[in-house]
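Q: Chain by chain, the residues run as shown.
2 protein chains.
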Amino acid sequence: MRMRFDKELEMLNGEIEKMGNLITTAIETSVKALVNQDMTLVRIVNALEMEIDEMEKTIEQHCMTLLVQQQPVASDLRLIEAALKLITDMERIGDNAEDIAEITKFFGNKTFINKLVHIPQMAEATISMVKRSVTAFVTKDKELALQVCYDDDIVDNLFLTVKNYLIDLIRQDVNNGEQAIDLLMIAKYFERIGDHAQNIAEWVIFAVTGEHMNTDNIGKTK
Amino acid sequence: MRMRFDKELEMLNGEIEKMGNLITTAIETSVKALVNQDMTLVRIVNALEMEIDEMEKTIEQHCMTLLVQQQPVASDLRLIEAALKLITDMERIGDNAEDIAEITKFFGNKTFINKLVHIPQMAEATISMVKRSVTAFVTKDKELALQVCYDDDIVDNLFLTVKNYLIDLIRQDVNNGEQAIDLLMIAKYFERIGDHAQNIAEWVIFAVTGEHMNTDNIGKTK
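Note that the protein sequences, when read in sequence, are chains A and B. Numbered according to full-length UniProt numbering, the first sequence spans residues 1 to 222. Numbered according to full-length UniProt numbering, the second sequence spans residues 1 to 222.
To be clear, the hints were calculated from the coordinates, so they are not data collected in a lab. You may find that some hints are simply not true.
Any copy will do: because identical chains look the same in the list, a pair fits if it lies in one copy or spans two.
[What the hints assert, rightly or not] Calculated cross-link-like contacts (lysine to any residue; reagent style SDA-like; alpha-carbon spacing at most 20 Å):
{"#": "1", "residue 1": "115", "residue 2": "28"}
{"#": "2", "residue 1": "188", "residue 2": "156"}
{"#": "3", "residue 1": "32", "residue 2": "188"}
{"#": "4", "residue 1": "188", "residue 2": "95"}
{"#": "5", "residue 1": "57", "residue 2": "212"}
{"#": "6", "residue 1": "105", "residue 2": "160"}
{"#": "7", "residue 1": "131", "residue 2": "14"}
{"#": "8", "residue 1": "57", "residue 2": "215"}
On a predicted model such as this, the values are computed, not experimentally measured, just so you know.
The following block holds chain A by itself, in its conformation from the complex (with noise of 0.2 Å):
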């Protein structure tokens, strides 16, 4: 009985893992798609929301016929009760690249107001985020989750630095008004993928330690 139940969690790990890649993926894609204005990536990013948002509702079936056949207790309980909780986050995550990926549409060809660097810095910094959330569920590493959560604040910041820099991109030439507003979007995006990072990641901590910590206010520079 055990035994297979070892065997249910590590498909479960498997999967999650394949859907970490799945968004990994398309945060990747939707960055690349924005800095290339490349509308085929546009529609790749498009397809893996799609699959995504089914790798969900596997993932979903699988943790809700585990707790219903397995009746599982205590640490193994809460292991399902994160599972099923943190695939929101992800598929939230695949919402925000398709959204991103939208503004770009929107965008076409025009040409940008100004070089993007801090995007492509917020893209890198969620991305890492995103990898080492789903890599501490798999290998129930607390130390990893808190670290993703301290991580959150670099984001944060890099959302303040583009929000200041666009309105001195406004200050400088009335006429960057709608494009600044649509990559300050695309920042937002950036910034709440690092919340849902950290959610992913606070959700590990509780499967491995029975605690919901809220680690909002960690490591927070001011």
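Starting from the known structure of chain A, fit chain B onto it as the hints suggest.
A: Here is chain B on its own, set in the frame of chain A:
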């Protein structure tokens, strides 16, 4: 056994209703805090957000216990699955109300660059969506849930109105830039609350019909 289970489901309904009231109050309070620049109300939103977080945990535990102990099947299983997922959206609405309150705190008593008209309209529309989505869950009303999904267009269109209006304000005076961007962030949070209400409604449809419906494109006014 069935009687006891029905009683449990009734209790679950009551808990979700209570959480629904808390989030509605949080949104109402956040928009009042903003319009009246009232810092006491900002603190009330913070307190509500914490209560909402606790409520989510209580309901989640209740759902997990029901799943493991009662091993529900078919529509009973779907109902608990839906409850488990929609409380995440409810909790995120609490976060969004707090995000709005945070920006309000940042504004302090600075004069607004324009009379706030569309943002209160967004608040009103989203409060109505949230209320109806929760009622739809409690009464298992698919039609009401569908109506909520349709109404998300109203909120999305109001967001575009706010966005265009703020771009105009920036054009008139670049010094409006910073506040315009903060107001836009607030509008974005309301848009997100609308999205969460739509997600809740989609979970209701799943609970009633067993179908995962993506209602993003229904009644879309382009």
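Q: Each of the hints needs a verdict: does it hold here or not?
A: Hints versus structure:
Proximity of residue 115 to residue 28 under the C-alpha cut-off of 20 Å is restricted to the intra-copy arrangement: shortest distance 18 Å within a copy versus 41 Å between copies. Taking identical chains as interchangeable, the C-alpha atoms of residue 188 and residue 156 lie at most 20 Å apart whether they share a chain (9 Å) or sit on different chains (17 Å). When the C-alpha separation of residue 32 and residue 188 is checked against a cutoff of 20 Å, the pair qualifies only within one copy, where the shortest distance is 17 Å, while the shortest distance between copies is 24 Å. Both within a single protomer and between protomers do residue 188 and residue 95 lie at most 20 Å apart by alpha-carbon distance, with minima of 13 Å and 15 Å respectively.
Proximity of residue 57 to residue 212 under the C-alpha cut-off of 20 Å is restricted to the inter-copy arrangement: shortest distance 9 Å between copies versus 25 Å within a copy. When the C-alpha separation of residue 105 and residue 160 is checked against a cutoff of 20 Å, the pair qualifies only between copies, where the shortest distance is 17 Å, while the shortest distance within a copy is 25 Å. Within a single copy, residue 131 and residue 14 get their C-alpha atoms as close as 14 Å, which meets the 20 Å cut-off; across copies the closest is 39 Å, which misses it. For the identical chains of this complex, residue 57 and residue 215 are inter-copy neighbours only, at 16 Å across copies versus 28 Å inside a copy, given an alpha-carbon limit of 20 Å.
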